[in-house]
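S.K.: Sequence:
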Amino acid sequence: MYFKPSVLLMLAVMAALTGPAMAAEPVSVTNWSDRIAFKGDFRLRYESIDEQFEESRDRMRFRARFGLSGQLHDNVKIVLRLATGGDNPVSTNQTFDDGFSTKDIGLNLAYVDWRVNDRLAINVGKIPNPLFRAGGAGLIWDGDLTPEGITANFQSGMFFATGAGFSAEERSSADDSLLYAVQGGVKVDIGNTGKLTAGAGYFSYSDTVGNAPFYNGRPKGNSVDLGGNYLFEYRNSEIFAQFDTSVSDWAVRLFAHYTQNHEVSNEDTAFALGAKLGSAKKKGESEFSVTYQDIEADAVIGTFSDSDFGGGGTDSSGYIVKAKYGVSERIFLGGSFFINDVDRFQGIEHDYNRLQIDLEFKFD
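Each residue of the sequence shown is one higher than the one before, starting from 3 at the first, in this note's numbering.
Any given hint could turn out to be false.
Listed next, the in silico BS3-like pairs over lysine-lysine satisfying Cα-Cα at most 25 Å (straight line) [to be verified]: (1) 128 with 326; (2) 79 with 41; (3) 283 with 197; (4) 197 with 326.
Note that these hints are calculated values from the structure, not bench results.
With the sequences and hints as input, model every part of the structure.
M.R.: And the structure:
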């Protein structure tokens with residue numbers, strides 16, 4: 003009997019989770035309410051998009067997320083979260099439209115979090131993205147992406163490493179598209195207040211050539227053949243660095259991220275450079291950031307990169323300017339402005355500007 007690689011991966015995980023290594027004692031508390039934790043947020047957004055040669059638009063949007071975690075053992079918990087946005091893998095936003103219709107909500111997270119020991123954690127299911135993104139930039143992965151599969155996260159002293167296997171597309175009549183990724187690096191203290199996080203990684207998709215682009219069949223800047231199927235494979239190396247320090251009472255962050263797809267000979271690189279001042283986590287705190295990104299057409303899979311930058315996808319470059327202020331301990335006012343050039347390789351290069359004003363509410 004033949005088993006697909008994704009099936010073998012899951013069988014191995016199930017064996018580990020049900021084997022002798024899981025003989026941990028149940029949690030000490032017996033009251034079920036003490037083993038359940040809730041967390042959620044709600045965001046209102048005004049958005050204005052002005053794209054050259056295209057019709058401008060203004061819209062109101064919202065995002066609602068609600069999740070819970072249940073502690074099964076001292077080292078094992080189950081995490082579930084619901085979110086608006088339907089089935090879009092890189093956005094949980096919902097637009098106010100369609101005649102007051104009922105809005106979509108779906109399962110955004112569903113995974114097992116197993117803390118094997120103080121150094122190793124394993125997550126299985128639909129999980130938060132475990133891969134480090136310098137400065138939180140969506141150069142390769144959008145911040146809302148919740149991939150599906152298994153990841154192992156290792157931390158020992160200054161060293162960290164992550165290995166992951168995800169199922170990007172399961173096909174009944176063709177080979178599955180899987181995503182394998184590894185990252186490793188160091189977190190080093192610099193002086194009394196500085197910390198440097200630096201490292202490298204490699205990620206690879208299987209069986210993209212000749213298959214439709216992921217999710218909705220739209221290439222999102224990637225090269226496709228006459229049938230609309232991927233022309234290239236995507237096997238990338240990456241390097242990244244992030245330096246955090248403080249100046250007076252202000253937190254300061256500088257970051258850089260670079261990746262190259264080794265399966266194409268041009269339009270194969272992407273990079274992000276940025277800086278952030280401040281950190282808005284409490285009432286009265288503020289933060290400001292600016293990021294420059296350049297994402298060539300076939301540098302990464304466009305489906306999973308930043309959904310706001312250049313309208314989403316690759317083949318774009320430009321700036322992202324952000325600001326945020328803590329109105330109270332749980333209410334935040336923020337704004338983002340995207341000043342981008344799009345369709346530099348796949349079409350006629352033109353301007354793309356996007357303004358977002360957000361009001362966020364958080365609870366846990």
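S.K.: If a hint holds in the structure, say so; if it doesn't, say that too.
M.R.: Results of checking the hints against the structure:
no.	hint	result
1	128 with 326	violated (29 Å)
2	79 with 41	holds (15 Å)
3	283 with 197	holds (19 Å)
4	197 with 326	holds (23 Å)
The structure is inconsistent with hint 1 alone, although it conforms to all the rest.
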